[in-house]
Amino acid sequence: MAHVGALPQIHRYITTHDSNGKAIFSNVVPEENPMVPNDDGIAFALSYTTKGFPVDMNNDEDLKVYEKYLHTPPGLVVSNGTVLRHVDIPPNTACTMHRTVSLDYGCVLEGEVQLLLDSDEKRVMKRGDVAVQRGTMHQWINQSKTEWCRMLFVLQESKPLEVGGKRFGEELAGMAGVRASD
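Okay, so the sequence shown: first residue is 1 according to the UniProt record's numbering, each after it adds one.
Check before you lean on any hint, since a few could be wrong.
Unchecked claim - Derived pair list, reagent style DSBU-like, types lysine-lysine, alpha-carbon separation capped at 30 Å:
1. K159 x K68
2. K166 x K126
3. K145 x K159
4. K159 x K122
5. K122 x K166
6. K68 x K22
7. K145 x K126
8. K64 x K159
Stated by the list, open to error - Here are the simulated distance ranges between beta carbons:
9. D129 x P37: 23 to 29 Å
10. V28 x N80: 20 to 26 Å
11. D40 x E170: 17 to 23 Å
12. N20 x R123: 18 to 24 Å
13. A173 x T72: 22 to 28 Å
14. S119 x N59: 44 to 50 Å
15. N59 x L161: 32 to 38 Å
16. S119 x S158: 16 to 22 Å
17. F53 x P91: 36 to 42 Å
18. T15 x V163: 36 to 42 Å
19. V28 x G165: 43 to 49 Å
Worth flagging that the hints you see were computed from the coordinates, not collected in a lab.
Even for Gly, the Cβ is constructed at its ideal location relative to N, Cα and C.
The whole structure should be built from the sequences, with the hints applied where relevant.
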């Protein structure tokens with residue numbers, strides 16, 4: 001089934017254990033992981049979340065946390081947790097310049113995207129490239145006129161960043177469909 005941007009449907013396969021301790025696939029949430037478009041056309045899929053360190057997988061406690069966030073989605077970051085998110089960026093589209101209070105790994109899965117920093121430095125990222133975002137103001141820009149870009153992000157909450165005596169917090173600048181983090 002094709003989705004909004006003609007990129008393939010995402011499936012998530014979550015493992016667990018049967019009563020004998022054998023590895024099996026969980027059926028707690030559907031394997032299809034829908035992309036949900038925002039007003040600007042950028043689509044998000046909440047692929048997994050955790051809360052607490054270390055993660056408690058006993059009695060599928062982590063799955064219960066994730067299931068809760070599927071019904072009440074978090075902001076970009078989960079306090080004291082992690083977020084795994086797929087993001088599809090349509091052709092000729094840019095997200096708002098923003099900052100999260102987190103350490104983020106962003107990997108390009110399909111297409112190309114420009115990573116623009118508030119210093120005006122930029123890099124064009126291609127499939128397989130990874131950006132390690134360390135609390136910086138940044139923007140993702142798909143400059144292609146025809147091709148979608150798909151990225152995979154893992155976000156982990158960080159301490160608020162302080163540079164030169166100034167403390168930086170979350171700055172979302174009204175990103176479409178994104179609420180402040182917990």
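Okay, the hints, checked on the actual structure:
1. K159 x K68: holds (25 Å)
2. K166 x K126: violated (33 Å)
3. K145 x K159: violated (38 Å)
4. K159 x K122: holds (25 Å)
5. K122 x K166: Given pair K122, K166 holds - Cα atoms ~24 Å apart, limit 30 Å.
6. K68 x K22: holds (26 Å)
7. K145 x K126: holds (16 Å)
8. K64 x K159: holds (26 Å)
9. D129 x P37: 23 to 29 Å: holds (24 Å)
10. V28 x N80: 20 to 26 Å: With Cβ atoms ~22 Å apart, the hint holds.
11. D40 x E170: 17 to 23 Å: holds (19 Å)
12. N20 x R123: 18 to 24 Å: violated (49 Å)
13. A173 x T72: 22 to 28 Å: Cβ of A173 to Cβ of T72: about 23 Å, so the range 22 to 28 Å holds.
14. S119 x N59: 44 to 50 Å: holds (47 Å)
15. N59 x L161: 32 to 38 Å: Holds - the Cβ-Cβ distance for N59 and L161, about 36 Å, lies within 32 to 38 Å.
16. S119 x S158: 16 to 22 Å: Holds, at about 20 Å.
17. F53 x P91: 36 to 42 Å: holds (39 Å)
18. T15 x V163: 36 to 42 Å: holds (41 Å)
19. V28 x G165: 43 to 49 Å: 47 Å Cβ-Cβ, so the 43 to 49 Å window holds.
Taken one by one, the earlier hints fail for this structure at numbers 2, 3 and 12, listed in ascending order.
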